[in-house]
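Undergrad: Residues per chain, in single letters:
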Amino acid sequence: MNLPAIIAIYKFEMARWGRTFLQSLVSPVIATSLYFVVFGAAIGSRISEIEGVPYGAFIVPGLIMLTLLTQSVANASFGIYFPRFTGTIYEHLSAPISPVEIVTGYVGAAATKSIIIGLIILGTATLFVPLKIDHPMWMVGFLVLTAVTFSLLGFVIGIWADGFEQLQLVPLLIITPLTFLGGTFYSINVLPPIWQKISLINPVVYLVSGFRWSFYGTADVSVEVSLAMIALFLVICLGLVWWIFKTGYRLKS
Amino acid sequence: MAPIISIEDLWKAYAQGFEALKGINLVINKGEIFALLGPNGAGKTTLISIVCGIVTPTSGTVTVGGHDIIKDYRAAREMIGLVPQELTADMFETVWGTVSFSRGLFGKWPNPAHIEKVLKDLSLWDKKDSKLITLSGGMKRRVLIAKALAHEPTVLFLDEPTAGVDVELRKEMWQVVRNLRDSGVTIILTTHYIHEAEDMADRIGVINKGELILVEDKDELMHKLGKKQLTLQLHETLDNIPPELNGHHLTLANGGSELIYTYDSQGPRTGITHLLTDLGQAGIRFKDLDTTQSSLEDIFVDLVRRDR
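First to last, the protein sequences are chains A and B. One point on numbering: in our numbering, the residue at position 33 of the first sequence is 33, and numbering is uninterrupted. One point on numbering: in our numbering, the residue at position 79 of the second sequence is 79, and numbering is uninterrupted.
Be careful, since some hints might not be right.
Said to hold, decoys possible - DSS-like, lysine-lysine: derived pairs with alpha carbons at most 27 Å apart: (1) B:Lys-108 - B:Lys-30; (2) B:Lys-131 - B:Lys-71; (3) A:Lys-252 - B:Lys-140; (4) B:Lys-22 - B:Lys-71; (5) B:Lys-30 - A:Lys-11; (6) A:Lys-246 - B:Lys-71; (7) B:Lys-287 - B:Lys-227; (8) A:Lys-246 - B:Lys-140; (9) B:Lys-131 - A:Lys-11; (10) B:Lys-131 - B:Lys-120; (11) B:Lys-128 - B:Lys-71; (12) A:Lys-252 - B:Lys-128; (13) B:Lys-117 - A:Lys-252; (14) A:Lys-11 - B:Lys-22; (15) B:Lys-209 - A:Lys-11; (16) B:Lys-22 - A:Lys-246; (17) B:Lys-127 - A:Lys-11; (18) A:Lys-11 - B:Lys-117; (19) B:Lys-108 - B:Lys-131; (20) A:Lys-252 - B:Lys-227; (21) B:Lys-209 - A:Lys-252; (22) B:Lys-71 - B:Lys-120; (23) B:Lys-227 - A:Lys-11; (24) B:Lys-128 - B:Lys-117.
Simulated from the structure, these hints should not be mistaken for laboratory data. Because the structure is a prediction, the values reported are computed rather than measured.
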């Protein structure tokens, strides 16, 4: 185990985050606060409670999930794409470091960043809406699992991308729409039955549902199913990463 | 000297079918400076990249310090430092930060004293807090060398390290390379400045179209393939070489104002005394003379041309 290398990558990535502090930390916090102001205070006061939870509080888990997904993907994809773009990837490839160690460094840093942002948004939310967390351990579990899973997905995207445009493509065209349609702002139970069924093919539904359950004890799908779906997605992402290093895809000629 | 790198029957064919290396066999000895010469696209960088783990070989084996570069890649790579040809760097990182990162990546715990020594040796100490984006090309090149030395490697690959570096800096860098060799580091370099190989290397390898066409001790190579020429500048121009001098295989140059005599300076007899006696007897007077030895560049060009 090359522990110094994992720490070096982790610290390097966290330092990069420090250099782009405003962009990395402040902007998602501001954006989410605006959601609270608009949906929680302005419009939310005119919306009736959903499953016994005031609307402003109802959207908190979804908003944290929205940020967690986009930040995990963005941080991890950029983290590994940048050395490929600048050419410094030669150092990773020639270092005595295993694929598992590279992934641990990059994905660990990306997940850490998005978890910190998620917790800050949670803290910000308490300033706007009354919050309760029924199952704090589950809440932390969902937070960490989702951050790690989507950081792995980001890592895969960062290896696959051949330019900055492709780097933006998946988050913009897939992650954001799936999150908005995944029950961030509503319970899928309010949808017509056919749309409820269609929503169930959206993996984000399970993430938001499970996460919201850890807050308020209510869920669109059972918490076990949510957990199983995240685990499945984690296994798929791990499989993709394993394949990338086995074949040297976009890394080695 | 004991071998430190051993390359056996190494082949590399790219997906498009291009064969970059065709059965390379090479042994690098511990503590030597080995210069790898070859025209563009000859396979120099591919060879270095395979040893360092960046490119996967098609077949063949490579060991570094007895460790197979694939089966025992950790032990092999820990020994190696690589300075790549391209000026690639984390532009927004500081010199200290990026060099320390390299040390960690190669499995070594932080050692500020070592990083300080490397930066001072490369005249980078006053730039340690500067971001790479603010440095000149030559400075960036030195940072790449510092990164390669951060984990105290015993083998250093320098892939055209002096490309785009001014004369002053180049001299400084070669002094660093000599110091490294004196400290026991084995150095493998590629360069386009052949006189540098002539100055620096203990052994020379010439690679062309993916094949090693020659590996030789530098002095022996110069001795074997290097020719010496004596040029005599004549008082009066000649139209032809007089028949009594035919045995010396002379050539006339510069409109008949110069006589050129080619000889082997290491041979038992150079034939110069005999030639000068014959010239005197033939009444040919000369006002000046000059001798030149063929450079490594001449030898290299000649070898590569012959291989075409």
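Undergrad: Now, for every hint given, state plainly whether the structure supports it.
TA: Hints versus structure:
{"no.": "1", "hint": "B:Lys-108 - B:Lys-30", "verdict": "holds (22 Å)"}
{"no.": "2", "hint": "B:Lys-131 - B:Lys-71", "verdict": "violated (38 Å)"}
{"no.": "3", "hint": "A:Lys-252 - B:Lys-140", "verdict": "holds (25 Å)"}
{"no.": "4", "hint": "B:Lys-22 - B:Lys-71", "verdict": "holds (22 Å)"}
{"no.": "5", "hint": "B:Lys-30 - A:Lys-11", "verdict": "violated (35 Å)"}
{"no.": "6", "hint": "A:Lys-246 - B:Lys-71", "verdict": "holds (14 Å)"}
{"no.": "7", "hint": "B:Lys-287 - B:Lys-227", "verdict": "holds (23 Å)"}
{"no.": "8", "hint": "A:Lys-246 - B:Lys-140", "verdict": "violated (33 Å)"}
{"no.": "9", "hint": "B:Lys-131 - A:Lys-11", "verdict": "holds (17 Å)"}
{"no.": "10", "hint": "B:Lys-131 - B:Lys-120", "verdict": "holds (17 Å)"}
{"no.": "11", "hint": "B:Lys-128 - B:Lys-71", "verdict": "violated (37 Å)"}
{"no.": "12", "hint": "A:Lys-252 - B:Lys-128", "verdict": "violated (32 Å)"}
{"no.": "13", "hint": "B:Lys-117 - A:Lys-252", "verdict": "violated (33 Å)"}
{"no.": "14", "hint": "A:Lys-11 - B:Lys-22", "verdict": "violated (42 Å)"}
{"no.": "15", "hint": "B:Lys-209 - A:Lys-11", "verdict": "violated (43 Å)"}
{"no.": "16", "hint": "B:Lys-22 - A:Lys-246", "verdict": "holds (25 Å)"}
{"no.": "17", "hint": "B:Lys-127 - A:Lys-11", "verdict": "holds (22 Å)"}
{"no.": "18", "hint": "A:Lys-11 - B:Lys-117", "verdict": "holds (23 Å)"}
{"no.": "19", "hint": "B:Lys-108 - B:Lys-131", "verdict": "holds (23 Å)"}
{"no.": "20", "hint": "A:Lys-252 - B:Lys-227", "verdict": "violated (44 Å)"}
{"no.": "21", "hint": "B:Lys-209 - A:Lys-252", "verdict": "holds (22 Å)"}
{"no.": "22", "hint": "B:Lys-71 - B:Lys-120", "verdict": "violated (36 Å)"}
{"no.": "23", "hint": "B:Lys-227 - A:Lys-11", "verdict": "violated (58 Å)"}
{"no.": "24", "hint": "B:Lys-128 - B:Lys-117", "verdict": "holds (12 Å)"}
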